[in-house]
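Generate coordinates for the entire structure from the input sequences, incorporating the hints supplied.
For the protein sequence lines, the chains are C and G, in the order given. The first sequence: position 300 = 559 (my numbering), numbered continuously. The second sequence: position 309 = 568 (my numbering), numbered continuously.
Heads up, a few of these hints could be off.
Remember, identical chains collapse to one label, so a pair may be satisfied in a single copy or spanning two.
Each computed DSSO-like pair below joins lysine-lysine, with the alpha-carbon atoms no more than 27 Å apart [what the hints assert, rightly or not]:
#, residue 1, residue 2
1, K772, K335
2, K772, K733
3, K554, K653
4, K335, K774
5, K474, K394
6, K727, K263
7, K296, K772
8, K317, K296
9, K727, K774
If you're looking for bench data, these hints aren't it; they were derived computationally from the structure. Note that the structure is a prediction, hence the values are computed from the model and not measured.
Next come the chains, spelled out residue by residue.
Number of protein chains: 2
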Amino acid sequence: MPLKVVIVGGVAAGPKVAAKIMRLNPEAEVTVLEQGKFLSYAGCGLPYYVSGMVREQKDLMSTAVGVVRDTAFFQKVKNVRVLNETEAIEIDRAQKRVRARRLGETADLWLPYDKLVLATGARPVFPPLPNVKLKNVFTLHGMHDAEAIKTLLAQAKARDVVIIGGGLIGVETTEALVHCGCRVTIVEMLPQILGMLDWEMARLVERHMESHGVKIMTDTQVTALEGDDRVCGVSTTRGSLPADMVILAIGVRPNVDLARAAHLALGPTGGIQVDDTLRTNDPNIYAVGDCVEGKNLQTGQPCYVPLGSTANKQGRVAAINICGGQDRFPGVLGSAVCKVFDFCVARTGLTEKSARQHGHEIITVVVPDFDRAHYMPGSQLIMLKLIVDAPTRKLMGAQAVGPGAGDKRMDVAAMAITAGMTVDQLAKADLCYAPPYATALDNIITAANVARNKLDGLVSGITAMEVKQRLDAKDDFVFLDVRSPAEHQQERLPHSVLIPLGALRSRLSELPKEKEIVAFCKVSLRGYEAAKILQGAGYTRVRVMDGGVVAWPFEKAG
Amino acid sequence: MPLKVVIVGGVAAGPKVAAKIMRLNPEAEVTVLEQGKFLSYAGCGLPYYVSGMVREQKDLMSTAVGVVRDTAFFQKVKNVRVLNETEAIEIDRAQKRVRARRLGETADLWLPYDKLVLATGARPVFPPLPNVKLKNVFTLHGMHDAEAIKTLLAQAKARDVVIIGGGLIGVETTEALVHCGCRVTIVEMLPQILGMLDWEMARLVERHMESHGVKIMTDTQVTALEGDDRVCGVSTTRGSLPADMVILAIGVRPNVDLARAAHLALGPTGGIQVDDTLRTNDPNIYAVGDCVEGKNLQTGQPCYVPLGSTANKQGRVAAINICGGQDRFPGVLGSAVCKVFDFCVARTGLTEKSARQHGHEIITVVVPDFDRAHYMPGSQLIMLKLIVDAPTRKLMGAQAVGPGAGDKRMDVAAMAITAGMTVDQLAKADLCYAPPYATALDNIITAANVARNKLDGLVSGITAMEVKQRLDAKDDFVFLDVRSPAEHQQERLPHSVLIPLGALRSRLSELPKEKEIVAFCKVSLRGYEAAKILQGAGYTRVRVMDGGVVAWPFEKAG
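As structure tokens, this is what we get:
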């Protein structure tokens, strides 16, 4: 008897399971049920389809050689039966069968299975707001959303757009709509956008988005949408905003209706609970992708981080286990990246905030550095933040913001965290070096060395946030800029005094020994040199501001 | 008494040691002796200065904020005394002092030290060829070489250039000179350029260089240079080549004259022997950078891999140990990257060849894949090769060739090798994913999965080299192209027959069951699907060609 597998969900993880099963067991009978019309499309590419960067709908639904992944493709190439526009309605666990109904038909199908795979994905969260069902209020979750948004844009009927929610999808959609000529405002309830980053790193992203004309309102709650038929505005706790279009981007929740009705166990995050073979509490039912609860590799705790990369990995693991093999999916670090105009924004592991919440005694560094030799054309800055567990010196997390290739450094950081490496080990990593690709000491190695200096007590750092608080409190300290006069002229931090590094040794008399001195420069390498000169000259209260001017998240004087 | 340190060498590792010592011990008295005029310049950037991509000489000698690192800079900013144009002549180990002489002076200086650091770098190898001292024969090792080459180019006196040696420097220089309008021929004694790669990967680079007009002569020995005053040609075992300029790029050797004269221990590679604190066999003498022998992290054996990245790391380690701290430099993987026209060429760990030489029982995979979502503009292929130890399933080495961002994947591979990860672990790495930066399964994860399939016996691979041998031997097998007719029309492999994947199930009758079938496609994903379909249909002798058409290193039919 051939193995009978039914897979519910045909967008990402589901087709992956199907294809891998057929490769492992060509005799298997695999049926995929997909509620929508489209199969196996690249949901992550939707913002780029909206912006026009991806030209055609079919580009998102084709293989790399341009073959559209439709039902005929799955049948011919994979020998997988796909029923699209078919809704799975009920799981009969006792008799191991699924009830389904095709669009427009009234009769039910009963599909028997030996193994069932739930790949039901996620659903966007609709906030309980007055008028949330007005016209021109969208999510950006499926192809139909993208088409509807594109239609409105094509009619030139969306000039003012309000994005509700400043997470990954909100930010990616913002960029797409700015490219389409919209005036975009992000309204975010929390004090920052992109909660995957620490505040000061998110603030750098916000400033960059603002430089592209995006209005960002943090600490702001939406109270209602306005309009009769079409949306025309958004009411918030900080006033009203005009809006021809509203995008709801406050997040997604696992789609667990079928699983819940079948009494499969759900986890505390609301996702389907699975073990590391991706089996649910029913030994004949697996679940993969955005509908399952994940496990954080560092904390061991449940988490919900729906991503296409995870879905694909899980699909393969589930297929192997279903076919009698042994594979496991250990969990995630929460690695993520997004393009925000000219910035690459990436992260992995624990944030400073979450590391502290988990009781880690940590140090952090913010180190701006070039992504390749500074003399090479196209060389760009990356603001790199590392979070390090002080007692073990292990890397806990990392964040990269800036125009340079931060994705590469975050992948290196993800590997270091996975391997449990200390910053001392990371600092010795034999990474590839040539001027077009890296600096001789790659910036993640430099950041690791700065962290080692902090851990070893060689430098006393101070964060930009603490400096700002002390400036605001009119605390008495010397805020020492050691850049060149030209740099100081161009852009200054408030209340700073200038003594260029090259002149510092000869101008020590200008600096009082009894006051605390906070040194900084553009990136704080010269700031560190200055601190060392001052310490050598007997100054005992010297600190260096993390990240210098380029990582200063507050207003500067022009 | 302040710590007295003398450092011989002021280009890369030496200044790094000096700066770090002064930060750790501001009381120290550090003197750097540099034979040349220029200090602390980016030697790795010379090819880009020759090509004009880096505009000014001073760009290579400046900090990221444009301050030239001259003797005054070192004195003012670092409090380090630098004597340039000063040659170290002798080490008097008994009395702990160095004899030196400044250019144009006759009197010697005796510099006492508590600790001495040798950072004497490397020297280009001059082959023992007739006429090697003719005019317009250069190396590209120092700033003076770059200036001489640029002068000749500016006079438009170099049209035909022969590069002797196809290693990293030869290849980088080739690109620079092609950009300057030269006709360049590389003459390489070995069967391939870039010995850091396996043959078939190097062949892909050669094909790419040939597409940019470079002539590559492998298995070819230079027998003499021709000319009276200026060079005018190069005689080789395969005939004569016209040449207005010749670049000698057959490699570098550690500069160990001082060390040898002082009876410091040298290693089998000719470099100065150091322990992992970078101390020589004299406890008061350290050595760093291109003059020292390295250790291969995987084999534990001595190696000589002179690189700016290693020099900088070693400089820091030596400084910490000299100042009473404890740090160690564990060794290298031989990670390297270079830009070759539109290709990124990168590698880490053992090659297939070296892994076999070290007795590893290995499997290899060659997997071409896109560096970001294939539907994103700018998405580019990377040909990725992995070398995996079969018994332990650990990643041993990796190579990337192609227009895509291979440097990122090689850094990930370097981390995996450092951590001793299996391909099973690598396949689960939580790497950052978004369409502008990666595919949902990053290509190094896909390659790891292909390797797992091979290790698990799910696919029987065959290399392009083996296929070619069998084609040449007129071996009887079906060379099955499963691409589309359009792809087949555009570019074919010799003696291949076409059955597109989508038609395969219905056209099985065309394929004999008794013959071996070697399936392939563009990248061999469809080839793998085809093999699975055939196996499912009862074909028992089916193999998939590694890497498909894009990784085929031989001639194709247009």
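Structure-based check of each hint:
1. K772 - K335: Between copies only: 21 Å across, 80 Å inside.
2. K772 - K733: within (19 Å within a copy, 86 Å between copies)
3. K554 - K653: both (20 Å within a copy, 25 Å between copies)
4. K335 - K774: Between copies only: 24 Å across, 77 Å inside.
5. K474 - K394: within (23 Å within a copy, 64 Å between copies)
6. K727 - K263: neither (63 Å within a copy, 41 Å between copies)
7. K296 - K772: neither (73 Å within a copy, 39 Å between copies)
8. K317 - K296: Within one copy, since 13 Å is at most 27 Å while 61 Å is not.
9. K727 - K774: within (17 Å within a copy, 76 Å between copies)
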